[in-house]
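Asks: Sequence:
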Amino acid sequence: MPVMSEEAIYASARMAAGYAFNRPAVHPRIVERIRGDRRIERPFTRALDIGCGAGLSAAALEPLAAIVVGLEPERGMLAHRRAVAPRASFVAARAEQLPFAAASFDLVTAAGALNYVDLEAFLPELARVLTSRGLMVIYDFSAGRRLEGDGALDAWYAEFERRYPPKPGYDMDVRAIGFERAGLRLEALEPFTVSVPMTAAQYVAYAMSESGVELALARGGREADIEAWCTATLSSVLDERPRDVLFDAYVAYVTHGTTTSR
Numbered sequence: 001m002p003v004m005s006e007e008a009i010y011a012s013a014r015m016a017a018g019y020a021f022n023r024p025a026v027h028p029r030i031v032e033r034i035r036g037d038r039r040i041e042r043p044f045t046r047a048l049d050i051g052c053g054a055g056l057s058a059a060a061l062e063p064l065a066a067i068v069v070g071l072e073p074e075r076g077m078l079a080h081r082r083a084v085a086p087r088a089s090f091v092a093a094r095a096e097q098l099p100f101a102a103a104s105f106d107l108v109t110a111a112g113a114l115n116y117v118d119l120e121a122f123l124p125e126l127a128r129v130l131t132s133r134g135l136m137v138i139y140d141f142s143a144g145r146r147l148e149g150d151g152a153l154d155a156w157y158a159e160f161e162r163r164y165p166p167k168p169g170y171d172m173d174v175r176a177i178g179f180e181r182a183g184l185r186l187e188a189l190e191p192f193t194v195s196v197p198m199t200a201a202q203y204v205a206y207a208m209s210e211s212g213v214e215l216a217l218a219r220g221g222r223e224a225d226i227e228a229w230c231t232a233t234l235s236s237v238l239d240e241r242p243r244d245v246l247f248d249a250y251v252a253y254v255t256h257g258t259t260t261s262r
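Everything in the sequence shown is counted per the numbering used here, starting at 1 for the first residue and increasing by one.
Hints are computed from structural coordinates only; laboratory data are not their basis. Just so you know, even glycine gets a beta-carbon here, dropped at the ideal spot from N, CA and C. Check the hints yourself; a few may be wrong.
[Stated by the list, open to error] Label-pair ranges, simulated between beta-carbon atoms: (1) A25 with A101: 29 to 35 angstroms; (2) P242 with R38: 29 to 35 angstroms; (3) A224 with K167: 19 to 25 angstroms; (4) A201 with R163: 42 to 48 angstroms; (5) G76 with P43: 29 to 35 angstroms; (6) P242 with A218: 29 to 35 angstroms.
Full structure from sequences and hints, please.
Replies: This is the structure we're talking about:
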């Protein structure tokens, strides 16, 4: 059976709800770290969030900018945008053809979104809509599969991915992107770890929102069976008491090539 396309995965109403309500609160923690960076001159006037999905990453930007716009190519993913990010505006469009005037944004972000973008087409568009002293922040984070000093969750997640493998080809090295061809410069890339307390029930809901589950359902799997397996096997790792789940993250800062560091 052919692998389900990215468009089909994110066209799912089930995935839209899962991303809106069942993903762990990693975005606010990363944005809080970004707020403390020396490159940030607050407040930004207008922020654009590329590939905002259900809107969680756009909602996290509200402390940074007076106006936040989320851009998402898959219209169905925006079904719960008002519940997720009531202050933000949203546009259904592709990053390769940004429907905005030149120099419209002094902050552009992308959280795990550039993996799906035609970078050769996107980077000139980014340079066009970013103000001369504007900043792009790229960040991403791994699956939450680690507990401090305890390998049980990592072992569980390895079996989960073996049963329900995600769509391949997601990995991307930001340092290999040709920013300079669009007159941009990668100023810094910083790795770090994010900790989010989660109970067993919260973790099962999170696992059920992963793309591998959606692919398994497309192949004829039953959602109730997958959830039952997750609940039963995770019970020896997590319970109703929150434990800190670790996410490996990075943040990268990009400016116009002629701009000095902030």
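Asks: Are the hints correct? Go through all of them and say.
Replies: How the hints compare with the structure:
1. Between A25 and A101 the CB atoms are about 33 angstroms apart, so this pair conforms to the stated range of 29 to 35 angstroms.
2. Remark: the range hint 29 to 35 angstroms for P242 to R38 is upheld by a beta-carbon distance near 33 angstroms.
3. Checked against the hint of 19 to 25 angstroms, the C-beta distance between A224 and K167 comes to roughly 23 angstroms, which is consistent with it.
4. Under the hint 42 to 48 angstroms, the C-beta atoms of A201 and R163, about 20 angstroms apart, miss the expected range.
5. Here the CB-CB span from G76 to P43 is close to 32 angstroms, well matched to the stated 29 to 35 angstroms.
6. Roughly 32 angstroms separates the CB atoms of P242 and A218, a value that falls within the hinted 29 to 35 angstroms.
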